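Chain order of the listed sequences is S and A.
All residue numbers for the first sequence refer to our numbering, where the first residue is 1 and numbers rise by one.
All residue numbers for the second sequence refer to our numbering, where the first residue is 1 and numbers rise by one.
Hints in this document: simulated from the structure, not taken from any laboratory.
One should not assume that every hint holds.
As the list claims (entries may be wrong) - Each computed DMTMM-like pair below joins lysine to aspartate or glutamate, with the alpha-carbon atoms no more than 25 Å apart:
id : chain 1 : residue 1 : chain 2 : residue 2
1  : A       : K154      : S       : E84
2  : A       : K105      : S       : D46
3  : A       : K154      : S       : E28
4  : S       : K388      : S       : E497
5  : S       : K87       : A       : D157
6  : A       : K154      : S       : E54
7  : A       : K138      : S       : E28
8  : S       : K87       : A       : D108
9  : A       : K13       : S       : D69
10 : S       : K118      : S       : E84
11 : A       : K154      : S       : E24
Remember, predicted model here, so these are calculated numbers, not experimental data.
So you can see what is in the structure, the chains are spelled out below.
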Amino acid sequence: MQLNSTEISDLIKQRIEKFEVVSEARNEGTIVSVTDGIIRIHGLADCMQGEMIELPGNRYAIALNLERDSIGAVVMGPYADLTEGVKVYTTGRILEVPVGAGLLGRVVNTLGAPIDGKGALDNDGFEPVEKIAPGVIERQSVDEPVQTGYKSIDAMIPVGRGQRELVIGDRQTGKTALAIDAIINQKDTGVKCVYVAVGQKASTIANVVRKLEEHGALANTIVVVASASESAALQYLAPFSGCTMGEYFRDRGENALIVYDDLSKQAVAYRQISLLLKRPPGREAYPGDVFYLHSRLLERASRVNTDYVEKFTNGEVKGKTGSLTALPIIETQGGDVSAFVPTNVISITDGQIFLETDLFNSGIRPAVNAGISVSRVGGAAQTKIVKKLGGGIRLALAQYRELAAFSQFASDLDDATRAQLEHGERVTELMKQKQYAPMSVAEMSLSLFAAEKGYLQDIEISKIMDFEAALLSFANSTYAELMAQINETGNYNAEIEAQLKELLEKCKSTQTW
Amino acid sequence: MSELTTIARPYAKAAFELAVEKGAIDSWNDMLFFAGHVASNEQASTILAGLPTATAQAELFINLCGEQLNEQGQNLVKVMAENGRLIALPEVAHLFSALKADYEKEIDIDVISATPLAAAQQESLVAALEKRFARKVKLNCSEDATVVGGLIIKAGDTVIDGSLRGKLNRLATTLQS
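The shape of chain A in the complex, shown without the other chains (with noise of 0.2 Å):
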């Protein structure tokens, strides 16, 4: 995983550079993130894989997105068909949406609750979560009974745990250690 990452920043740091001097960050967004599910189809995959030259798996992987590549896409697939990198095409879509994320002041946070959190604790927590970040935060709630009670904060590596399994799992080492 940390290897393909390493792979596909060259590449994502190109794409996004001519996607910001282009002025087309959003048409290149939606252009990796379909390559990058095609990359990643399993029967997409065997068959590049069984190709002989990179030329040929270059051209099918093109034909198989067809109207989806504009020229400069097309390139980039012709670029890492040749280095023999169409794996790390999903990683690519990935590290591209996380800088255009940053370059536009937007950032992504998982939040983890018991339960559902009222539309008024969203807002709240939102409001908070700007402040600290100074970012446009993008919530993605989701519920998981095992966290108890609180909220589990997850931004990227940065990871805010008010739950109360976390507070009981730390109780429970006080007491051990």
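This is chain S alone, in the form it adopts within the complex (with noise of 0.2 Å):
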């Protein structure tokens, strides 16, 4: 017989120490009917809605349904063994979850249990999963970036710290990829990041992990795992107990990253927990209160000012705000945004960012649909030489769309129109970008800026990316000052303008590609 790494006698003895043997009244139940997970409970007369319950062998159901005899409650794990009769207690807790920066560098399950074998979490206290958004007095518009390293994205969709930007797309279009870049591209910028995984493959989330830990970034990022084969119940709370999570460090007046992937497979779970709770079905037997799920969940996500994170914490940080930035990811079924679950996400969110087959499929990736994709807010949080350059990306991408369309049946066209085609056909080359290569806001300025003042009109189509990395590797070697002082203010002023000139014309005269 093994001794396991809870048996140690120093903590067994604390353990004792602490034990309370005090006995309190509590409420006592009788389960009469198990049903896929769901239990209806007899008696408990004093139960509260979303009290846990606990069940027999240290394990816990959540108070759903508060009816005149009975109580409809979901189980949290395994129910196999639960029969009818079996006696249930109330706790007069809610469900709550460890936080802490203790938990960063970690893979934890929906109740917060570390399932990566690294040992105990070290974490700062338990916070419940359900808590109500900060108000409008405690909040402060959005003004400072998260820079994703797409610069596809981050010139013409850019996101605000504190935003809610959804992610959307049809099932392998890089949704998670975008998202995981963008979490990588947050190593070295002090953004702590939440992965929430919900509904997923084990393997797949084993893949991301090691992902983010070869990149660097799993040390300040928080992985919640709720994978396929866990309970609905599990699945529904994960995105609540992540959320959490990322509130610890809003709260504490730092900047926070929360990726939601997805939300479709948590509305699901949610719903087939409705259903069996025999709440009536309504648009695509979705429960009529889905919105309020996704909307209650993403409204947590916010920027808070000075004076809520001083008053949240005693005065111990002062001056500075707060946020808690989410992505969360929709996956629609053959590019029908007008689903029940999109449109109330899409209409939820501060903004979409549309990921499409058909993109992807002729190598645009990350396969952005500039057209449809809009930021509601981040505009004001953009860095200002992104903003300056970038702006004429946009309007180039949209007018080469309506042009390619009718060029198609045009035989000869006139010189501005074939300029224009052009040079939209090297914007959108100069857009793609591979995965696991986020760029810094220096890097993506200098393309851009190479886009914006016509240096790419000279170079082939095909070669443009073979341009961009000559370009940047040799920024980056020779102008490495210059690259550090942009992507240290991120300003753009005549003399900036000037030594970017410069580099690309001695890169043009002296480099091959």
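Got two chains here, separate frames each, mind docking them using the hints?
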């Protein structure tokens, strides 16, 4: 027989010392039915909505339906051994998860228990999973950027700290890849990340964790996992757990980024629970409160002002704002964005990034459709230099798309139209970017500067990517000071413009690609 | 079980209000207790289920009870038969006695202990519980050796587990978590 890690005499001694033997009056109930993870309980007259109910074997259920003579509750974890007649008790608590900086670098489940085999968590207390979002007085407008590292997104659809930006697209269009790259790009920025995986294959999650580790981003990331094999209750609650872990940083004047991958699967899990609880089904069989499910979750992603942070930390942290940026992911079926859950989440968020199968297959990766992707608040948060140089990109792409459709029927085009078409093609090519290769602000600015000022006109379209690679390596080696300056300040002025011009001219005259 | 309670509640409430008005709580209690036993009798319920109409069911049921039901009691049976709810009669009787206990400020409390309680112990327990629940307490004592030591007190849904077994279980949970 082997002893396990919790069986150290000191630990046992501590636990016995802390153990309270006070017998308190508790509410008792009896299970009357067990159906697919939903238990119906007779008794428990004092039970509260959302309260944790204690089941035998150190398990819990959450009370979701309070009826006159019975309670509908959903079991968190295995339920096969529960039978009619089993006694259950109220706890007087709602579901809480561990929070704290000690969770960074860890993989946990919905209940906050570590599942990465790295031992016990070093947490800073527990917080309830359901919390009310900060009110109007406590908020501040979004004016700092979250750099995703993708030039197409940071230039055209910028995301600000505290914003909710939806990532939407069919399966296999690079939604997760985009979110993971955004997380990787935060590794040196001090932005803490939370990645919530709902209803995914365990192998996919293992891959994501490995990639984060390889790129050194796991150390400031918490991964919350409710894989496809876990109960619907855990899948439905995982985003709320992750949000609570992210709010810990927001409330202490830090910046955090949370990715919900994905909310359509969470809605499906919630639909299963609701139908089993006999709540009336509505459109697409979703319950009536599926909108509220997502709105209350996403409302918690916000930027809070210094007063809020100061008050929350009892004056320990002064003069700092906190933010929680959310990147919810929604998977559409056959490009149908007018389905129930996609329309709901589109209307809740502050903008969306549309990824399209056609673009993906024609080699444009990230497959962002610039025409219908928007960011409603990010413009105010964009870095000055990217805003200045990237302004024309969106317009160029829009005009190109319109002209490209017409020019298919036209045999000869006037020079102006041809020039515009060619420019559009080059910009489209330039917007392509490999996975796991996020760019810094300076690198992005340099590429955008080249496109904006016409330095790409004499470069073959198929060579654009090579030219860009050569340009960036030349800049990073020869003009490291300028690059560092741009990265630091993000400013754009005549002096920087002159230096960028000089850089490009030198590069074109000395480098090969 | 919970569904039957829901069905039985309005009947029990109606019967109780009538009984209070007429000042006949005890006789109603006896009547419902008897009718409840008849309804839960296996033989009776099989025969009742085989009858085609509600009137026939009510008639047979009233005949079965004989003198035990007064006119109003018979009316209750007729109404319940009409709605196909005779099966809920035992639950009606149960709820009625709960309403009666509440009305008379009484409470039934189950006490489970490992060894039989001495009279003095019972007395002090009753005194303590009467203070806590502000009701007249009726103790139902029972023994269960698996409790090991201490007491488990059950009043409706409320459970006060002061048993050694409960403490050991909680210690086990704390150590394992």
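Restraint check for K138 of chain A with E28 of chain S, where alpha carbons must lie at most 25 Å apart = At roughly 20 Å apart (the allowed maximum being 25 Å), E28 of chain S and K138 of chain A satisfy the hint.
ask   = Has the given pair, K154 of chain A with E84 of chain S, been kept, meaning a C-alpha gap of at most 25 Å?
value = holds, 20 Å
ask   = Is K154 of chain A close enough to E54 of chain S, meaning Cα to Cα at most 25 Å?
value = holds, 17 Å
key: Satisfaction of hint between E84 of chain S and K118 of chain S, Cα-Cα up to 25 Å   = Violated, because 38 Å separates the two Cα atoms, which is more than 25 Å.
task = With a cut-off of 25 Å on the C-alpha distance, tell me whether K87 of chain S and D157 of chain A pass.
result = Satisfied, since the Cα-Cα distance of roughly 11 Å is no more than 25 Å.
message = Given the hinted pair K13 of chain A and D69 of chain S, is their Cα-Cα distance within 25 Å?
response = Holds, because 15 Å separates the two Cα atoms, which is no more than 25 Å.
inquiry  = Can you confirm whether the C-alpha distance between K105 of chain A and D46 of chain S stays at or below 25 Å?
reply    = holds, 20 Å
query = Would the pair K388 of chain S and E497 of chain S pass a check requiring their Cα atoms to be no farther apart than 25 Å?
reply = holds, 11 Å
ask   = Taking only the CA atoms, is the gap from K154 of chain A to E28 of chain S under or equal to 25 Å?
value = Status holds; Cα separation ~9 Å.
message = Check the hint pairing K87 of chain S with D108 of chain A against an upper bound of 25 Å on the C-alpha distance.
response = holds, 20 Å
query = Is the hinted pair K154 of chain A and E24 of chain S satisfied, with a Cα-Cα distance of at most 25 Å?
reply = Holds, at about 12 Å.
Violation of the numbered hints given earlier is confined to hint 10; every other hint is satisfied by the structure.
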